[in-house]
Amino acid sequence: MLDKNKVYVSQIGVLLLLIMSGTKILIFPALIAKQVGHDSWLVMVLSFVYDLVCLTFVLWAVKLNKQNLAFTDILHKTIGVVGSKVVLVIFFVLFVSRLISLLHSCYRMFAVTFDVNTNWVVFIIPLSLVSYFAAQRGFNSIARVGQLLVVIIVFSVLALVAFPLFQVNFSELLPIGEAGIDKIMEQSVTHSFWFSDYIFIYFLMDTIKVKKKIFSPVLCCFLLGAAISVVTNMVFVLLYGSLSPEAELAMIKIGLFSVSETTSGRWDWLTLSVWIISVVLKVVIFFFCANKCIEKLFGLHLSNTNGFVWLGITATLIVPLFVSVEEVLPTFIKWTIIPFALVQYLLPLLMPWWTKISNELSLSKKGAGI
Amino acid sequence: MKEQNILQQMQELYQSNDEAITRQIDCGIQITLMSLETMCDDKKISAFVLQPLVYLQEATSVQQVRLKISTGAIVKDITNVYTAVELFTNGYTLVFGADGAFAVDTRTTLGRAIIEPPTSMVMKGPREGFVEDLKVNITLLRKRLKTEHFKIVNATVGKYTNTSISVCYLQTIADQRIVDNIVQRLQNINIDGVLDSSYISKYLDPSRTVLFRRVGMTEKPDIAVAKMLEGRVCVVVDGSPMVLTLPYLYVEDLQSPSDYYENASITTLNRALRFISVVLSVLLPALYVCLQMYNYQIIPLKFLITILNATEAIPFSPMVEMMIVLIIFDILREANLRMPSAVGISLSLVGAIVLGDAAVKAGLIGAPAVMIGALSGIGLFTMPNNTFILSLLRIAITLIGGIMGILGVILSVVAILIYMVSLQNYQAPFLAPYAPNIPADKQDAVGQRPLTEQVERPRSIPNVNKRRRG
Amino acid sequence: MNTLKRIFVVVLVFVLAEVIAISFKGNDILDRSIVLGLGVDKAGEELLVTAEILSPGNGSEQVGTYSKIVTARGKTVAEAIRVMTEQTGKETSLGQCVLVVFGEEYFTQQDFSDTISYLSSSNSFKESSSICCCLGSAQDLFNKTEALSRSVSLSLVRMLREQAQNVAIPSNVLLQFVRSQRELSCTGYLNLIRYVSSENQDVQNPDKPQGFFLYDSVAVFCQNKFVCLVDSDLTKGFALIANKVTGNTFICQQGDEKVTVVVNSKKVGVSLNEQDGVTIKVTLTVSRARADSVESGGIFSSKQRKQISQETMDNVQKQAEEQIQQFLRYQQQYNFDIVNLHQAYRKKYGSKPWVCQLSTTDIPITLQVEVKAM
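Protein chains in written order, with the numbering used here: chain Y, 1 to 370; chain F, 1 to 470; chain R, 1 to 374.
Since the hints were made in silico from the structure, they are not lab data.
Glycine included, every Cβ here is placed at the ideal spot set by N, Cα and C.
Hints are all accurate, no fakes.
Just so you have them, the derived chain Y footprint on chain F, three or more residues with Cβ under 8 angstroms:
| hint | region |
| --- | --- |
| 1 | 295 to 307 |
| 2 | 427 to 439 |
Covered, in the sense of this in silico footprint (three residues per stretch, anywhere, with C-beta under 8 angstroms from a C-beta of chain Y), are these stretches of chain R:
| hint | region |
| --- | --- |
| 3 | 18 to 31 |
| 4 | 126 to 134 |
| 5 | 174 to 181 |
| 6 | 349 to 355 |
Construct the entire structure; sequences and hints are all you get.
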């Protein structure tokens with residue numbers, strides 16, 4: 001257990017708040033609007049409700065983890081070595097695929113918005129280097145950066161949404177549930193890949209400093225993040241209506257209407273640049289978790305991040321160079337929905353129970369040792 | 001016999017040294033005096049050593065001589081040749097007899113007067129500054145801390161310089177573990193010589209710091225005392241007017257000595273201004289280059305027209321143009337620091353007016369680039385202790401921003417922040433109280449609450465006494 | 001080994017920096033033709049695209065013209081812009097374009113779906129840009145720079161974005177127009193710009209043309225095809241039921257005095273009533289027109305306001321009702337819906353095909369106008 005990876009519960013909450021809105025207000029609104037039109041916000045709300053329940057269970061598990069056992073230790077003690085390796089493989093694939101989707105949307109955003117035209121490999125190398133550097137300095141550093149920037153990042157999102165918020169007419173969201181409740185529920189399940197950002201908490205279970213209040217700081221941050229995402233999605237759908245499915249990058253499009261005067265320049269891009277830091281942090285966190293998966297899978301006990309492991313992860317991210325993400329990702333998500341749902345939605349429900357069992361086992365082992 | 005050996009060895013060590021004076025006096029027993037002409041005060045030798053010896057005609061032992069002539073404030077025993085050398089080189093007069101030896105303090109008090117330090121001028125507040133003399137510096141601290149809790153631990157560092165160093169702290173506030181840690185580090189220093197406290201600061205930094213200094217420095221005793229009252233430890237080095245303070249937080253760079261003698265709201269405003277200036281200084285040149293090369297849409301139309309007009313005839317790319325401006329600025333600053341003040345003014349004039357104006361008129365550099373470079377340069381001076389580092393950072397970010405656009409700037413900022421938040425010195429996180437968030441400490445960070453409301457000591461600095469009052 | 005390692009790291013860093021530097025391709029502003037406004041005209045079988053582009057002056061001086069007009073032909077706008085790039089030798093950048101103008105021949109005779117689609121699906125073109133049409137050709141309109149002594153695009157945008165809403169003229173941006181052409185009734189409008197030349201009083205430049213733009217009427221489109229013109233009188237009725245548009249004036253006799261009453265603020269509610277008809281409820285807040293500038297202080301102005309009699313308010317209500325009814329009759333006559341009455345049905349029944357196909361003539365409308373004094 002490394003000191004540099006120690007985090008406080010409040011820091012977990014802040015990070016969750018920052019990374020929640022990552023892709024959800026970037027490419028997700030357009031994807032979902034294609035399926036359910038102006039009811040896309042309902043899909044989001046529903047998915048956040050699942051997330052809220054699962055997050056509460058994960059936090060409960062953290063609270064029960066009195067022995068500060070690592071996630072893999074808990075898995076070892078409950079489902080055995082093979083079972084734990086399977087879970088870790090699923091997690092690794094999940095993190096890498098989410099990294100790819102996240103980086104791909106970033107890549108599109110930089111190319112479209114900021115005119116930064118480059119090839120995929122050269123785009124991911126600097127991001128990968130920053131992630132490597134961050135992991136070297138410890139997760140605590142990532143959490144602290146989140147803490148340092150949370151206020152300005154949240155304000156930058158609010159600044160982008162504030163002006164369009166008063167321009168749109170919320171009554172146009174009526175009739176609620178026009179797409180049909182069953183379709184909305186189906187979409188929330190099929191798009192679950194984009195949710196459950198709390199999964200990074202698993203890999204910090206042994207390093208979280210638990211204080212008296214564990215639920216309220218994280219859940220408050222989660223609710224704030226969810227509210228921001230849902231409102232942003234609403235504003236986007238109301239602004240773009242039938243054009244929403246074609247407007248690929250929601251946040252960029254909303255930004256167009258966040259400055260009233262057309263001739264004043266795209267000042268919204270400056271606030272957008274601040275918000276992008278939260279996307280970079282999400283990339284860094286997922287890199288960190290993917291790296292942890294590899295370490296645990298191969299039983300490595302490294303004090304610092306291994307450069308070769310890092311290179312390996314970076315190499316897997318080069319996949320979009322050979323296949324089109326837009327075409328492959330939906331099929332991939334369709335095929336992997338069940339294994340991903342296992343770790344995203346079933347595992348959290350089991351975690352408190354497993355944590356309790358493994359903690360008791362660990363305690364009895366220690367007792368026997370004495 | 002032992003004393004005679006020491007005397008003999010001393011005479012051998014200094015036989016070729018003209019400033020070493022040896023004199024023999026008969027005061028009943030044979031006494032040999034040794035002193036360094038340059039380090040001793042003639043009057044003190046005369047008053048504390050020679051006169052008593054001359055009047056003392058019937059001494060029987062060195063011990064008697066010591067007791068009778070000890071009009072000197074400090075008299076120390078000489079036990080071996082090393083002590084003898086240390087005392088001798090520090091300005092003591094050595095007194096050798098057949099059955100003993102001792103040293104009388106006859107150090108000269110050469111040194112400059114206590115003046116207002118040029119690096120920390122204030123409109124309001126005390127104007128005393130530290131000098132090069134350790135004793136005077138300690139006196140300046142002691143003058144402000146009339147308490148038995150003010151403790152000093154002395155150490156000597158430097159194989160050849162034998163520099164005296166004092167570790168000062170308030171026993172009832174400072175964390176003893178930190179004091180012990182600092183003393184331990186000082187004792188472990190293996191160095192030829194210590195010519196200034198900055199030598200020591202390198203050894204007190206637990207890990208190699210590439211950017212950002214992590215040991216505080218002050219030239220003002222009031223600041224040093226204020227830091228000690230917050231639980232910090234001061235390290236005073238003989239021969240240096242800069243007193244080191246530990247642990248050190250980055251927000252201290254935003255704080256100016258006069259902040260504490262002003263209204264809290266004015267101080268908050270000033271600090272916010274300093275913070276904004278620093279952020280702008282580091283990022284503005286990079287953003288200007290990025291906007292021109294990648295994101296021209298951000299620029300308001302009318303300003304865009306101005307930029308287009310100004311840059312059309314420039315033969316360089318925006319990045320090269322900005323790099324030229326920044327490097328010229330750094331050359332001017334460096335030259336200005338090295339020049340005598342009178343020449344410095346004319347150099348500034350030549351640099352700013354002639355070079356800048358001529359470059360714009362000749363069409364080598366655009367006026368907006370000069371303006372941005374100058375604004376950025378001036379902004380750096382709001383944090384004078386970090387000017388060099390910040391200047392280096394802005395050149396690096398401008399270079400990365402020029403190559404990779406806004407993506408490069410964002411990644412650079414994230415990397416720098418990750419580096420800064422990961423720094424920790426003597427259990428104090430470098431970016432406290434913002435990362436980690438310590439709300440109580442924000443009473444005196446970028447914002448400042450009135451002094452009357454600052455009830456608690458900063459939690460980011462380890463201390464054993466949490467409350468200032470009440 | 002240590003030295004070798006160092007050399008390896010240095011070489012690696014150098015190569016990486018070199019690769020990154022080569023791979024990121026920026027585009028200097030000096031290599032771009034920054035378009036302020038775009039005009040589209042029909043020229044036989046082709047399109048004539050006129051662009052007002054930023055043109056820097058000499059050195060750091062800002063005086064003189066800072067925009068110039070470039071034209072190019074092509075089968076589509078995209079092709080014409082490519083030709084423009086060839087002509088200027090610089091990349092034509094539409095990222096700062098604030099205005100799109102369709103010439104008379106183009107918008108009346110041709111379906112401009114492809115142009116609208118090209119602009120709205122472009123990543124860098126702003127959906128918040130103003131869009132309008134003009135009498136005569138767009139090229140002529142852009143060539144009025146000299147008459148205006150300023151950029152045509154910037155002047156028109158200022159008029160459409162900032163002034164129109166205060167002088168009882170509804171105005172549109174590209175996004176709203178594109179949406180209007182594909183949602184529900186698929187009808188929308190564009191402001192119609194006219195150039196009116198005025199007499200030159202300048203003795204020093206007697207040959208210099210002088211004039212101004214008028215934009216008090218709108219053209220109606222259905223699925224990007226021209227439907228009809230709404231003249232300035234009817235536009236007043238439209239303005240009364242358009243949200244966020246104020247400035248309608250009414251002239252009434254109050255005792256012996258003829259007073260002008262102006263709409264300062266208003267609230268428009270369009271809802272379905274029990275009979276499945278649409279109720280339009282308009283609440284106008286009016287005050288007597290003052291010799292102050294428009295919007296000076298708005299509702300927060302503490303300047304003295306003269307009382308308006310009940311008789312005048314009744315008169316205003318009557319006039320407003322008349323103007324709105326006149327417009328609604330015209331709307332039914334041509335079967336368009338720029339007030340978006342269909343939205344009321346959509347809110348209740350969803351986007352069912354019958355809602356979209358509902359003819360405006362089949363929508364029973366109940367109008368309620370209420371006038372309040374400020």
